[in-house]
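Chemist: Put chain B on the given structure of chain A with help from the hints.
There are 2 protein chains.
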Amino acid sequence: MGENTQHYFEGVEKLVEVWFKQPPMDDEADLRRITKEVWDEELKAVKCEIISFTKNSEVDAYVLSESSMFVSKRRWILKTCGTTTPLNCLKPLMKMAAEMGFVEISDFFYSRKNFARPELQLFPHRMFCEEVKFLDTIFEGGQTYCLGQINKDCWYLYTLSQPERELKGELIELPKIEGKHHSEPDQTIEILMENLDPQVMQVFTKLCCQDGKEATVKSKINEILPDMIIDDFLFEPCGYSMNGINQLGEYMTIHITPEKEFSYVSFESNVSMANYAELIQRVLATFLPAKFIITIFANKSSEAYATMRELETTSYSQWQRADMQCCNFPSYNLLFATYTANNRGENDC
Amino acid sequence: MGENTQHYFEGVEKLVEVWFKQPPMDDEADLRRITKEVWDEELKAVKCEIISFTKNSEVDAYVLSESSMFVSKRRWILKTCGTTTPLNCLKPLMKMAAEMGFVEISDFFYSRKNFARPELQLFPHRMFCEEVKFLDTIFEGGQTYCLGQINKDCWYLYTLSQPERELKGELIELPKIEGKHHSEPDQTIEILMENLDPQVMQVFTKLCCQDGKEATVKSKINEILPDMIIDDFLFEPCGYSMNGINQLGEYMTIHITPEKEFSYVSFESNVSMANYAELIQRVLATFLPAKFIITIFANKSSEAYATMRELETTSYSQWQRADMQCCNFPSYNLLFATYTANNRGENDC
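Protein chains in written order, with the working numbering: chain A, 505 to 853; chain B, 505 to 853.
Next up, chain A with everything else stripped away, as it sits in the complex:
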């Protein structure tokens, strides 16, 4: 890819998810005590800003100038697109968390799709190996993976994980692994879509809609997971972000880069389901991508854990699967799959 000075926006997000171990002597310790004013300051290092905020009893949900942040009692999720630098926020987060008693991280995930224009990114995000080197200055024993095809459509993951100890046929986990693994079901599905239907994308412009609310209803995003309370934002002249949260503490988040030349939509949720096939179908029907990646994490307590493999045999009439991989981590299973439309037009890549 040569130099290109035309307008370009990298829709692909960098996604950080940190789970702290609840301090044993302090059940009141809560990451949500960090105020919006403090986050306003800390997010400067990431090069993004808070533009909207909602909350319920379980989770604080921030819409950012580039994507989203979700803060719950001991989990922190930061997802930012463009040329933001979310890893710069990690050390400040850990310092703030430690001050309120969160001194141990029980799980850590950093992931992203390959960038379309990596040369536009800033340190430490210019290459995955640079991100790994940066994370290795913070963590010990990080594990790094590339799913999908190297240097083509792929998805990078950095995670902290303890090996299993196997004894007499039973899986015994090392003592250090604890926290949510057995007590708290957890699952995350992401659908990362490219080359989307131009008519659908038109909805997410100020030419077509006045505000986020109108775009949400017109696109039927509000019907994807109907129990979610939605906080949406339509950017000038185009672009859309939404967070949804429900009373179970579950979230969903969608971010849309509608420009035809580099259209990109991401869907993410931790909603608990035994089978994601119908949800995936609804997301695909909403956005009509020419290609997409699905990733599903599910821990051993999650009802999705046992059934996520059913997806291997699920077919989508308009799309064909190009790649499918499954990783077994000590406490999580990860499913990764890529699909492309059967009726690929000239504009599809």
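A couple of the hints might just be wrong.
Given that identical chains are not distinguished, each listed pair holds provided it fits within a single copy or across any two copies.
Unchecked claim - In silico EDC-like pairs for lysine to aspartate or glutamate, Cα to Cα no more than 16 Å straight-line: (1) 559 x 534; (2) 717 x 623; (3) 656 x 640; (4) 656 x 688; (5) 717 x 541; (6) 656 x 644; (7) 637 x 608; (8) 525 x 807; (9) 724 x 701; (10) 595 x 701; (11) 637 x 782; (12) 795 x 657; (13) 795 x 701; (14) 710 x 640; (15) 710 x 623; (16) 764 x 718; (17) 540 x 782; (18) 559 x 688; (19) 525 x 603.
These are computed hints drawn from the structure, not numbers from a lab.
Modeler: Quick look at chain B alone, frame taken from chain A:
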């Protein structure tokens, strides 16, 4: 790793496997018509030599100065270690094959573990991306994967594969996929072992054994797959290679770099089994590695295809699993797993 001028040998092999489509009008076309004298010449480009040769009605098996070559009617396998350059033999092979009517490749696999000392390798093997670039000058649509952890213990794969076409819930393969996929069961297991038991490795030196035959019996390699007719070779002052072939046309091959500082043993076979657990157990008991990688390919006609996942729940008393990944390719499933010894000593890495 800094510069090191001490004696070093890269045991890690580069493995090329090519399946040609049988010419429809010529069932007599056979790669084994290429004579040993021609291979002597062609293998100069790989920087290795033939040192022993056996055959049966199904397969020609060559022991090389660096590892092995197996030639059957329409399949060619070249596995070479050290600083050899096996990809240099691909174009000459394809030219020779085309002259006898093999004009279409139905399957292609190039794979290897990460090198311990990549800086010692020669073009085009200095980096995986260099190998990919080289292969891309020969093939269109190659797919590249990195299993395991990037830049740590990982295993690279370049393969030619057609996407599946899914229709009404049934898997319909594209017309171009043919040949062995449905007619001929195929499976390959590799066990790549490092940091092996020094006492076991002692067997594979001229200090301990006079020749390959003695080392084969002393180490009980001949008991791993007892129906194999073995062609073995013990190098001066140390190092060992063996090929085994049986009347079904199945092969096994073992290559041993015994030096304590960089000990490495590879086991490979295409023997057909519904469950490889016992075979793996025998190989591990023979060599006692501190760490190892297992890869299993099985196509849809193979009896190993459905059962290879049982391995996910198989435990080995002395080793714990560090990573496990599964890939679904159009006609093959691939299982990849890494293990380390529970009782890791100071010399283990």
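Chemist: Next step is simple, just say for each hint if it's right about the structure.
Modeler: So, going through the hints one by one against the coordinates:
{"no.": "1", "hint": "559 x 534", "verdict": "within (14 Å within a copy, 71 Å between copies)"}
{"no.": "2", "hint": "717 x 623", "verdict": "neither (35 Å within a copy, 57 Å between copies)"}
{"no.": "3", "hint": "656 x 640", "verdict": "between (25 Å within a copy, 13 Å between copies)"}
{"no.": "4", "hint": "656 x 688", "verdict": "neither (35 Å within a copy, 31 Å between copies)"}
{"no.": "5", "hint": "717 x 541", "verdict": "neither (26 Å within a copy, 76 Å between copies)"}
{"no.": "6", "hint": "656 x 644", "verdict": "between (29 Å within a copy, 14 Å between copies)"}
{"no.": "7", "hint": "637 x 608", "verdict": "neither (21 Å within a copy, 44 Å between copies)"}
{"no.": "8", "hint": "525 x 807", "verdict": "neither (22 Å within a copy, 45 Å between copies)"}
{"no.": "9", "hint": "724 x 701", "verdict": "within (15 Å within a copy, 63 Å between copies)"}
{"no.": "10", "hint": "595 x 701", "verdict": "neither (40 Å within a copy, 43 Å between copies)"}
{"no.": "11", "hint": "637 x 782", "verdict": "neither (39 Å within a copy, 40 Å between copies)"}
{"no.": "12", "hint": "795 x 657", "verdict": "within (10 Å within a copy, 31 Å between copies)"}
{"no.": "13", "hint": "795 x 701", "verdict": "within (11 Å within a copy, 49 Å between copies)"}
{"no.": "14", "hint": "710 x 640", "verdict": "neither (43 Å within a copy, 44 Å between copies)"}
{"no.": "15", "hint": "710 x 623", "verdict": "neither (29 Å within a copy, 55 Å between copies)"}
{"no.": "16", "hint": "764 x 718", "verdict": "neither (21 Å within a copy, 69 Å between copies)"}
{"no.": "17", "hint": "540 x 782", "verdict": "neither (36 Å within a copy, 59 Å between copies)"}
{"no.": "18", "hint": "559 x 688", "verdict": "neither (21 Å within a copy, 59 Å between copies)"}
{"no.": "19", "hint": "525 x 603", "verdict": "within (14 Å within a copy, 66 Å between copies)"}
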